[in-house]
Amino acid sequence: MTDCPEITNNPFTNGDLQNDLIIQMVASGKYLMFRDGIDSFDRSYNISWDSVSVYGRQDAIQTYQSTGETINLSFPLKPGNNPEEFNMQLDALLALGKFARPLYSDGRIKESPILKIRYRNLIVEEYNNGNGTPLWIAPTNISVNYGDRARDFSDAGRKLIVPKRISISIGGAVINVDKKYYDEASLKKEATGLPPITQSELEAREEIVAQAKADIQSLLGINT
Numbered sequence: 119m120t121d122c123p124e125i126t127n128n129p130f131t132n133g134d135l136q137n138d139l140i141i142q143m144v145a146s147g148k149y150l151m152f153r154d155g156i157d158s159f160d161r162s163y164n165i166s167w168d169s170v171s172v173y174g175r176q177d178a179i180q181t182y183q184s185t186g187e188t189i190n191l192s193f194p195l196k197p198g199n200n201p202e203e204f205n206m207q208l209d210a211l212l213a214l215g216k217f218a219r220p221l222y223s224d225g226r227i228k229e230s231p232i233l234k235i236r237y238r239n240l241i242v243e244e245y246n247n248g249n250g251t252p253l254w255i256a257p258t259n260i261s262v263n264y265g266d267r268a269r270d271f272s273d274a275g276r277k278l279i280v281p282k283r284i285s286i287s288i289g290g291a292v293i294n295v296d297k298k299y300y301d302e303a304s305l306k307k308e309a310t311g312l313p314p315i316t317q318s319e320l321e322a323r324e325e326i327v328a329q330a331k332a333d334i335q336s337l338l339g340i341n342t
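Counting in this note's numbering, the sequence shown runs from 119 upward without gaps.
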């Protein structure tokens, strides 16, 4: 895992990082890479309706308002036995605290702490034939659990506390940057792109429908 001080390329298009969990703070351009996989990931959709009850109607009238999408992600960090490497990992974990705060300019908030996340072909905005475009989120919670199985390591006369396994979780609201809905024009375009039905296919479908009707009538004891 690395907190990169200088960005020389786009981490999401870097082939060397395609198997890593990448988290980038949009405002600063800083990003973190995690290479120990993930524990869990889920997406949730919250559909809001305006419900109006009308006298004499048994059910309320439902008017669509919006659809919100949220994610929750948990992943581990497994420190090794190299004190120098672990110190770098600790610095990167502390950087998560900066990812949770805005970008400031002259003491004033300049940009909100929006994050971009991608993990292989699973945590993506669009699948894009397996390449995957990063997911944009407005984070609502970030937590780091250092566990309870820490070890002591001696380094240059001092003792370092190195956890056995660190658990990290991030939750947030998804920001849609790509179209995530059906529209009538695209559906019509898809329909016109379908191959025409041949006469033999049409006759076969009609025969199947006729046989299904006959079976239902026979089951119900209906004579035609």
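Be aware that one or more of the hints could be misleading.
[To be verified] Simulated restraints, written as ranges between beta carbons of each label pair:
| hint | residue 1 | residue 2 | range |
| --- | --- | --- | --- |
| 1 | Tyr300 | Ile227 | 56 to 62 Å |
| 2 | Gly155 | Ala256 | 23 to 29 Å |
| 3 | Ser285 | Gln329 | 25 to 31 Å |
| 4 | Phe271 | Ser223 | 37 to 43 Å |
| 5 | Leu320 | Gln183 | 38 to 44 Å |
| 6 | Ala332 | Asp160 | 46 to 52 Å |
| 7 | Leu240 | Gln317 | 42 to 48 Å |
| 8 | Gln176 | Glu319 | 39 to 45 Å |
| 9 | Ala268 | Thr188 | 29 to 35 Å |
| 10 | Asp157 | Gln317 | 52 to 58 Å |
| 11 | Lys306 | Arg153 | 17 to 23 Å |
| 12 | Thr131 | Asn259 | 27 to 33 Å |
| 13 | Ala268 | Ser158 | 21 to 27 Å |
[Unchecked claim] Derived lysine-lysine pairs resembling BS3-like cross-links, with alpha carbons at most 27 Å apart:
| hint | residue 1 | residue 2 |
| --- | --- | --- |
| 14 | Lys234 | Lys298 |
| 15 | Lys282 | Lys216 |
| 16 | Lys306 | Lys234 |
| 17 | Lys234 | Lys196 |
Since the hints were made in silico from the structure, they are not lab data.
All C-beta atoms in this analysis are idealised placements derived from N, C-alpha and C, irrespective of residue type, glycine included.
Hints, one by one, checked against the model:
1. Between tyrosine 300 and isoleucine 227 the Cβ separation comes to about 37 Å, which falls outside the hinted range of 56 to 62 Å.
2. A hinted range of 23 to 29 Å for the beta carbons of glycine 155 and alanine 256 is consistent with their spacing of about 25 Å.
3. Taking 25 to 31 Å as the suggested C-beta distance range, the pair serine 285 and glutamine 329 does not conform, at roughly 59 Å.
4. In this structure, phenylalanine 271 and serine 223 meet the distance hint of 37 to 43 Å, their C-beta atoms being roughly 40 Å apart.
5. Look at leucine 320 against glutamine 183: about 42 Å separates their beta carbons, and that is inside 38 to 44 Å.
6. For the hinted restraint 46 to 52 Å between alanine 332 and aspartate 160, the CB-CB distance of approximately 47 Å keeps it satisfied.
7. Look at leucine 240 against glutamine 317: about 45 Å separates their beta carbons, and that is inside 42 to 48 Å.
8. For glutamine 176 and glutamate 319, the hinted distance range of 39 to 45 Å is satisfied, since their beta carbons lie about 44 Å from each other.
9. For alanine 268 and threonine 188, the hinted distance range of 29 to 35 Å is satisfied, since their beta carbons lie about 32 Å from each other.
10. At roughly 56 Å, the beta carbons of aspartate 157 and glutamine 317 sit within the given window of 52 to 58 Å.
11. In this structure the supplied range 17 to 23 Å is violated for lysine 306 paired with arginine 153, their Cβ-Cβ distance being about 46 Å.
12. As the Cβ distance of threonine 131 to asparagine 259 is approximately 29 Å, the hint placing it in 27 to 33 Å holds.
13. The hinted range of 21 to 27 Å is satisfied by alanine 268 and serine 158, whose Cβ atoms lie roughly 24 Å apart.
14. Note on lysine 234 and lysine 298: the hinted pairing holds, with a Cα-Cα distance of about 17 Å set against a maximum of 27 Å.
15. Straight-line distance between C-alpha atoms of lysine 282 and lysine 216 comes to about 24 Å, which keeps the hinted pair within the 27 Å bound.
16. Of the supplied pair hints, the one linking lysine 306 and lysine 234 is violated, its CA atoms being roughly 33 Å apart against a limit of 27 Å.
17. For the hint linking lysine 234 to lysine 196, the alpha-carbon distance of about 23 Å falls within 27 Å, and the restraint holds.
Violated hints for the displayed structure, listed by number in ascending order: 1, 3, 11 and 16.
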